[in-house]
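**Q** What follows is each chain in one-letter form.
Protein chains: 2
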Amino acid sequence: MAGREGPRPGGRSARVQASVHGAVQALMTRMERAEITIPMIAVEAGVTPSTIYRRWGDIQELLADVAVERLKPDMQPVDTGNGGKDLLAWAEQYAEEMSSKPGREMIRDVLAAQDGSGAYQCCNFTKQQIEVIAARAADRGEAFPEVDAVMDRVVSPIMYRILFGEAPDTAHVARLVSGAMGLVSKAPASV
Amino acid sequence: MAGREGPRPGGRSARVQASVHGAVQALMTRMERAEITIPMIAVEAGVTPSTIYRRWGDIQELLADVAVERLKPDMQPVDTGNGGKDLLAWAEQYAEEMSSKPGREMIRDVLAAQDGSGAYQCCNFTKQQIEVIAARAADRGEAFPEVDAVMDRVVSPIMYRILFGEAPDTAHVARLVSGAMGLVSKAPASV
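Sequence lines, in order, name chains A and B.
Under the UniProt record's numbering, the first residue of the first sequence carries the number 1, and numbering increases by one thereafter.
Under the UniProt record's numbering, the first residue of the second sequence carries the number 1, and numbering increases by one thereafter.
Everything labelled a hint here was simulated from the structure, so no lab data went into it.
All C-beta atoms, glycine included, are put in the ideal place defined by N, C-alpha and C.
Among these hints, one or two may not hold up.
What the hints assert, rightly or not - Cut-off 30 Å, straight-line C-alpha distance, at most; resulting in silico cross-link-like pairs (DSS-like, lysine-lysine):
#1 85/B / 101/A
#2 127/A / 127/B
#3 85/A / 101/A
Claimed, not checked - Simulated DEER-style distance windows between Cβ atoms:
#4 54/A / 96/B: 46 to 54 Å
#5 40/A / 142/B: 58 to 66 Å
#6 37/B / 170/A: 43 to 51 Å
To be verified - Far from chain B, by Cβ distances over 12 Å, these chain A residues were calculated:
#7 16
#8 27
#9 44
#10 53
#11 81
#12 93
#13 134
I would like the entire structure built from these sequences, with the hints used as guidance.
**A** Here it is, written out as structure tokens:
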């Protein structure tokens, strides 16, 4: 998908993408996503429907592309001066954002696309945030678990519960984080 | 959703449901799911389209209902004589089935429905399987982790990786299981 690989900034392709993404987001504020069609998006974006079909194939892929773009983190994880606290602050915010109505809709759009590259990219955004926290912890000389272990122990249970049950409460998120941090501490994990 | 609450077996409602579910599954073997429409399903099932619209609302809800039905486990977890081994055998099979093409399609159908009750029911099917393993372990006098902890430590990472990345390999599944079992053993978890 050209859109996902990121077109050259400022080029014609980038302008088309920005315009189509903007059109989708504008339409979403005015109507239910199930009512939105590619011809409507084309009118709103000022491009031909065939431009959209050529580039995205179908509306599911386009919605997934827009959702991936919106799921891209727009800030670095908060720096609290301690790796475990950074991870807790990040995980609380992640659980809150992903379980919100727009968060759930974005995840659903990403997972509905046949092409799994959007879901893969979302997972990478999350990994990058954990890597930032891990690198800061390393700079401070603190022990911090492997990024992969944090994905399994903190990120996965939060996402599973949001998708298949009820969003985890803050006490649950705190237990997940302290469990992951317990991997690198000699002392038993505190709750 | 009447279909999900399970109509009285043998009643008219149950016969309609069975016929419509059968029609969806038959059509899925002959064409891409994206091509399947409610009028087609109605013809195949020998009911009117309005029967389907009245009962399921839209095709997403119907596909989710069919997927939930197919995701219902058709066997008890294998009894190996040991809780940890039961869990390992179950987790390996779960990872394999859910990461298969039909498994992924069923999960996608369940998650695509606006109504989240199908996803909730799938999570319950999984919990029930773990509960069977936990109850057998208790009968044998073995220590076994809380079902909720198994959901967080074993089920969630498997599902997260299937949805957002690559399916976990058997070594990874084994590490997840031994990590969860380590919660109740004094000895360090073996990998």
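**Q** Evaluate each hint against the coordinates.
**A** Outcome of the hint check:
1. 85/B / 101/A: violated, 40 Å
2. 127/A / 127/B: Holds: residue 127/A and residue 127/B sit about 28 Å apart, inside 30 Å.
3. 85/A / 101/A: Answer holds: residue 85/A to residue 101/A is near 27 Å, not above 30 Å.
4. 54/A / 96/B: 46 to 54 Å: The hinted range 46 to 54 Å is violated for residue 54/A and residue 96/B, with Cβ atoms some 38 Å apart.
5. 40/A / 142/B: 58 to 66 Å: Given range 58 to 66 Å: holds, Cβ gap about 60 Å.
6. 37/B / 170/A: 43 to 51 Å: holds, 45 Å
7. 16: holds, 25 Å
8. 27: Given a closest Cβ separation of 18 Å, the condition holds.
9. 44: The assertion about residue 44/A holds, with a minimum of 24 Å to chain B.
10. 53: holds, 14 Å
11. 81: Holds, because the least Cβ-Cβ distance between residue 81/A and chain B comes to about 28 Å, which exceeds 12 Å.
12. 93: Given that every Cβ of chain B is farther than 12 Å from that of residue 93/A, nearest at about 18 Å, it holds.
13. 134: holds, 18 Å
The structure is inconsistent with the numbered hints 1, 4, although it conforms to all the rest.
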